[in-house]
Structure formats: structure tokens, C-alpha cells
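Chemist: Protein chains in written order, with our numbering: chain G, 139 to 255; chain F, 20 to 266; chain V, 799 to 886.
Source of the hints: derived by calculation from the structure; they are not laboratory data.
Glycine included, each C-beta is placed from N, C-alpha and C at the ideal position.
Certain hints may be false.
Label pairs and their calculated CB-CB ranges [to be verified]:
{"no.": "1", "chain 1": "F", "residue 1": "F131", "chain 2": "V", "residue 2": "A847", "range": "20 to 28 Å"}
{"no.": "2", "chain 1": "V", "residue 1": "R822", "chain 2": "G", "residue 2": "D170", "range": "17 to 25 Å"}
{"no.": "3", "chain 1": "F", "residue 1": "C99", "chain 2": "G", "residue 2": "G201", "range": "52 to 60 Å"}
{"no.": "4", "chain 1": "F", "residue 1": "V194", "chain 2": "G", "residue 2": "F144", "range": "53 to 61 Å"}
{"no.": "5", "chain 1": "V", "residue 1": "F810", "chain 2": "F", "residue 2": "I120", "range": "51 to 59 Å"}
{"no.": "6", "chain 1": "G", "residue 1": "G201", "chain 2": "F", "residue 2": "Y135", "range": "20 to 28 Å"}
{"no.": "7", "chain 1": "F", "residue 1": "E183", "chain 2": "G", "residue 2": "D170", "range": "43 to 51 Å"}
{"no.": "8", "chain 1": "F", "residue 1": "L38", "chain 2": "G", "residue 2": "M139", "range": "43 to 51 Å"}
{"no.": "9", "chain 1": "F", "residue 1": "W41", "chain 2": "G", "residue 2": "P238", "range": "19 to 27 Å"}
{"no.": "10", "chain 1": "F", "residue 1": "S92", "chain 2": "V", "residue 2": "R822", "range": "25 to 33 Å"}
{"no.": "11", "chain 1": "F", "residue 1": "K122", "chain 2": "G", "residue 2": "M139", "range": "18 to 26 Å"}
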Amino acid sequence: MSAMFFGLSTVFMAAGLFFAFASVVGVIRFPDVYTRLHASTKALSGGAMMILAGTAFRAAATGNWPAMVKTLLIAAFLLATNPLASHAIARACYHHGIVPKGTVIDEYAETVRGDRS
Amino acid sequence: MKSPRNLQRLGALALSLALGWWLWQGVTISPFQGITGPAARYIHGTARDTGAANVVAAILFDYRGFDTLGEASVIYTTVCGVALLFAKRRYRRSSHGLSFIVKRSMALLVPFILLYASSIIVMGHLSPGGGFQGGSVMATVTILFCVIYGSSFEAARVSPKVKETIESSGALLFVLIGLVGLVTGGAFLTNIAAGFPRGTMGQLFSGGTIPLLNIAVGMKVGAGLSTLFYSMVKILEDPTESSPPEV
Amino acid sequence: MSITFFAFLAAFLIVTALTASEARDMLSAVIALSVFGILMAIIFVILQAPDVALTQAIINSGLVTSLFLVAYSQTRKRGDDPDRENDR
């Protein structure tokens with residue numbers, strides 16, 4: 139049981155590291171604010187959540203149940219706040235006047251300008 | 020190129036290197052080789068003298084309680100100065116904030132933030148934390164309200180008058196608790212010797228005046244910092260400009 | 799806590815401090831100061847001072863950064879057009 143938890147935690151942490159690495163590559167390589175935001179949100183949503191899940195499994199492997207519950211609570215709060223923050227940043231960028239690069243159709247502008255149905 | 024600015028930078032670099040070396044020396048020594056001087060007295064006598072489990076809280080609010088009163092008055096003076104500085108400007112409030120998604124989800128999260136702040140304040144004598152920290156967490160709720168819902172929402176929820184009253188009564192509570200020690204014949208801010216119950220170490224009701232002083236400082240710092248932020252942010256936005264869309 | 803991790807943190811702390819003091823853009827300096835505060839809080843945790851770390855994390859990354867941002871948006875920069883003065 140304990141060994142299984144230990145292996146699971148290693149798998150989760152490796153997946154989290156992969157997400158973090160991919161988001162770093164995305165932040166460096168993507169062209170404009172919105173795509174970079176898309177990449178950097180994954181660093182927290184994917185990477186940090188996976189690493190926290192791995193930490194929770196590792197705490198469970200050693201029988202430290204309070205630590206596991208605390209870690210899962212931290213993960214839940216990250217899950218609640220991180221999409222919120224990136225949504226607010228993206229919206230603020232749009233209303234600041236940054237045009238998405240290479241877009242053809244801007245439905246949000248049509249919705250904002252009128253015929254809000 | 021030997022300009023005075025470069026010399027200044029060289030001096031700053033040397034100072035930072037010296038400070039870094041000093042910090043490194045502090046890191047590499049082992050902390051438990053043997054404690055001497057005042058530290059030994061504080062570590063060994065905290066449970067006997069105050070009944071608090073957190074040595075830092077015991078030093079802040081019992082052994083050095085008068086210094087804490089001074090620190091709290093520094094924040095009071097800062098708030099008074101900022102409020103005076105921004106009082107003459109025209110009074111504006113903004114009522115538009117961020118989008119509906121952010122408003123709704125933050126409404127679900129704010130009670131948890133308040134709960135966390137209260138637990139930091141109330142458990143200040145048992146675990147890391149205390150009045151300053153919990154009060155600062157309380158004040159971040161004001162920042163969230165002002166940014167997300169607009170400052171008129173913040174003023175409608177907790178009016179500035181109420182915040183001023185809370186801050187002043189926090190300071191008053193601190194001084195009154197200190198005067199109890201004076202009345203019973205001890206020094207200002209006497210804790211156990213003035214007849215406050217010591218309680219069992221590790222329980223919520225223990226430590227004599229330390230939890231009460233934590234609550235007083237928490238009221239003071241929370242209300243003070245939120246007044247500070249509110250008086251800076253209330254003239255920020257122009258009400259004549261059209262409100263941004265809700266989507 | 800390994801000493802290499804601490805050395806990495808200290809080096810990064812120096813980099814952020816230099817960025818905060820030397821950046822031409824005011825906004826970058828404020829963000830660098832916020833990162834500095836978070837790193838300082840981590841170092842306080844490593845040095846076994848959780849009380850100070852809690853204060854540092856809240857004050858420096860939350861309150862001070864937002865106060866700086868408010869002050870930044872309230873003041874006028876040197877390159878701005880002067881007729882913005884009329885609307886405040």
C-alpha cells in the first residue's frame with residue numbers, strides 16, 4: 139500500500155514537472171499576451187496541482203493524514219483562484235487595447251459593442 | 020569612467036556582499052549548539068512566565084509589550100498621515116469592477132479568507148501568527164473588494180467611520196489592558212502577575228493577556244491598513260467614463 | 799534543506815533586488831520588488847522564522863505591491879501629455 143502511494147506520487151510529480159517545463163517553453167515561444175497567458179496558466183493549473191497531488195500521496199505513504207488533507211485543500215484553493223486570475227488578466231489586456239495576434243473573427247468585440255442577446 | 024555614481028554603486032555592491040557574507044555565516048552555523056544569553060532565558064521561561072506556546076508571541080506581547088504598543092502607534096500615525104494627505108482631494112468612488120465571473124467566485128472565497136485571518140489572530144499565542152499578520156490578511160479583503168467590486172461597494176459594506184472606530188478602539192483596548200497591570204500594583208502591561216489566568220499551555224484560553232492583546236492589535240492593524248488602502252484608492256477612477264461591459 | 803537550494807535562492811534574491819533598483823520601467827521594478835518579497839518569505843521559512851515569513855509574504859507581496867501600483871496609477875509620468883492634468 140505504502141509503496142503504491144510512493145510510486146503514484148513519483149508519477150504525479152514527474153507529470154507536474156512536464157507541465158511546468160512545457161509552460162515555460164510556451165511563455166518563451168508564444169507570440170502575444172493571450173497565448174502566453176494560456177501557457178502560464180497551465181504551469182499552475184497543471185504543474186502545481188500535479189505536484190501538490192504528488193505531495194499528498196507522499197504524505198499518505200508515510201501515514202501523515204493531516205498533511206495530506208492540508209495539501210489537498212491548498213490544491214482546491216489553487217483550482218478556485220488560478221483560472222479567476224488569468225481570466226481577469228486576459229480581460230484587462232483586451233480592454234487595454236491589445237489586439238490578439240493573427241485573429242480573423244473577434245466575436246467578443248461584437249458582443250461588447252451591441253446586440254447583447 | 021570614474022563618475023561619482025559608479026563609485027556609489029561600487030559602495031552599494033560592497034555593502035551587499037558584506038551583508039550576504041554575514042547572512043551566510045548565520046545560515047551555516049547550527050542553531051542548537053547551545054543557547055546563551057537572553058535567548059536561553061526566554062526559551063526556558065516562556066511556559067512558566069506566560070503560558071503561551073509561541074515564544075515569539077510571548078516576547079512580543081508580554082516581555083516586550085511596550086515596544087509593540089510603539090509599533091502599533093507607528094501604523095496609527097501612518098494612517099493618520101495618509102488620510103490627511105488624501106483628504107483634500109475631490110472625493111470619488113468607482114462602482115465598476117471586474118467581470119461577473121470574478122465577482123461571483125470571489126464572493127465564495129472571501130469568507131474563507133476572513134476565517135483564515137480570524138484563526139491567525141485568535142491562535143496567535145499557539146501557532147505562528149498573531150495580530151499583525153492576521154490584521155494584514157483582513158486588510159487584503161479590502162484590496163480585493165476595491166479592485167473587484169469597486170470602492171463604492173467597499174464603502175457600502177464597511178463604512179470608513181466604522182473602520183476608524185475599530186482602529187481607535189483597538190488602540191484603546193491595548194492601553195486599557197496595560198492599565199490593568201498598573202492598577203494591580205505591577206508595571207504597565209503586566210501579564211500573569213496582574214492576576215490574568217495562565218491556563219494550560221496549548222489550550223485556546225491560555226497565556227493571560229496575550230490573546231486579548233493579539234485581538235486588539237489585529238483590530239488596529241486590519242482597520243488601519245484597509246483605511247490606508249481605501250483612502251488612496253477612492254480617488255482613482257473617473258465616474259464620468261462609461262462603465263466597462265459585464266461580459 | 800540543502801545548502802545548494804539556499805544558495806540558488808540567495809542568488810535569485812540578489813538578481814531581483816538589482817532588477818528592482820536598476821529597472822528603467824517603474825512597473826517592472828514594482829513586480830521585481832514583489833518577487834523579492836516572496837523569495838525573502840521563503841528564506842525566512844528556511845531560517846525557522848514562520849512569524850516573520852507570514853508578515854513578509856502578506857505585507858510585501860500583497861499590500862506594498864498594491865499600494866505601489868495605486869501610487870503609480872495616481873501619479874503622472876514625465877513623458878505624459880500635460881492635458882491629463884485637467885481631469886483630476
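Chemist: For F/K122 and G/M139, compare the CB-CB distance with the range 18 to 26 Å and indicate the outcome.
Modeler: This hint is violated: roughly 45 Å between Cβ atoms.
Chemist: For the range 19 to 27 Å, tell me whether the beta carbons of F/W41 and G/P238 fit it or not.
Modeler: 50 Å, violated
Chemist: Between the beta carbons of F/S92 and V/R822, is the distance compatible with 25 to 33 Å?
Modeler: The hinted range 25 to 33 Å is violated for F/S92 and V/R822, with Cβ atoms some 38 Å apart.
Chemist: Lying within 43 to 51 Å: is that true of the beta-carbon distance F/L38 to G/M139?
Modeler: Holds: the Cβ-Cβ distance is about 50 Å, inside 43 to 51 Å.
Chemist: How does the Cβ-Cβ distance of V/R822 and G/D170 compare with 17 to 25 Å: does it lie in that range?
Modeler: The hinted range 17 to 25 Å holds for V/R822 and G/D170, with Cβ atoms some 23 Å apart.
Chemist: Could one say that the CB atoms of V/F810 and F/I120 fall in the range 51 to 59 Å?
Modeler: Because 34 Å falls outside the window, the suggested range is violated.
Chemist: Regarding F/C99 and G/G201, is the given constraint of 52 to 60 Å on their beta-carbon distance met?
Modeler: 53 Å, holds
Chemist: In this structure, is the beta-carbon distance linking F/V194 and G/F144 contained in 53 to 61 Å?
Modeler: Holds - the Cβ-Cβ distance for F/V194 and G/F144, about 56 Å, lies within 53 to 61 Å.
Chemist: Taking 20 to 28 Å as the hint, is the beta-carbon distance of G/G201 and F/Y135 inside that range?
Modeler: This hint holds: roughly 27 Å between Cβ atoms.
Chemist: Lying within 43 to 51 Å: is that true of the beta-carbon distance F/E183 to G/D170?
Modeler: 46 Å, holds
Chemist: The hint says 20 to 28 Å between F/F131 and V/A847; measuring C-beta to C-beta, is that right?
Modeler: 26 Å, holds
Of the numbered hints stated above, those contradicted by the structure are hints 5, 9, 10, 11, listed in ascending order.
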